[in-house]
Amino acid sequence: MRFIKIVFGVSLIFLTACTTLENGSKHTSHKKTSTSKTTVKKTKQAADTTKPVKEREPIAAVKHWDWPVRGPVLTKFSHANKGLNIGGLLGEAVYASAAGKVVYSGNGLRDYGNLIIIKHNSLFLTTYAYNSKLLVKQGDWVKSGQKIAEIGKKGDKNPMLHFEIRRAGKPVNPMQYLKG
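Per my numbering, residue 6 is the first one in the sequence shown, and the count goes up by one each step.
There are no misleading hints in this set.
PhoX-like, lysine-lysine: derived pairs with alpha carbons at most 25 Å apart:
no.	residue 1	residue 2
1	Lys152	Lys162
2	Lys159	Lys87
3	Lys138	Lys152
4	Lys106	Lys175
5	Lys152	Lys81
6	Lys142	Lys106
7	Lys68	Lys148
8	Lys87	Lys162
9	Lys81	Lys68
10	Lys68	Lys87
11	Lys138	Lys148
12	Lys148	Lys184
FYI, nobody ran anything at the bench for these hints, they're computed from the structure.
Just need the whole structure built from these sequences, with the hints factored in.
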């Protein structure tokens, strides 16, 4: 049961991060979605037309994906592991795999530790989990290769980064996208 709640929480974050407003317009609406034992409220806020919008244009297609850390792949993508676990040294730099907007930065999802989620365009997201230190916050725009965090560890395991690429909210094998 605990696993289901965690998966639902992660899926909700990815669903929220994948949702974009059409034509850049914003409107107010409230929608409640119910699942067994969980109610989610989605809210879209009306834009303030008196102030200029400082939102950047949607990001173009990602031409290549950089490795977020240099280290050995400890655990490959599988049904049980939705990304790659990449070894490294505690405190070593974690870099953005591609340019995008940070849509989540925090430790509110159990079993992910300090987590960063970057939205690269309307189709792709990347996640960076088990960090010892987060260097970007929600709403920040990052460049490919920008330092965004420092490697941490999960429990008593060796230091590592859990890295995922999601296409339309679904995990895909990062090895198919990473260059080199």
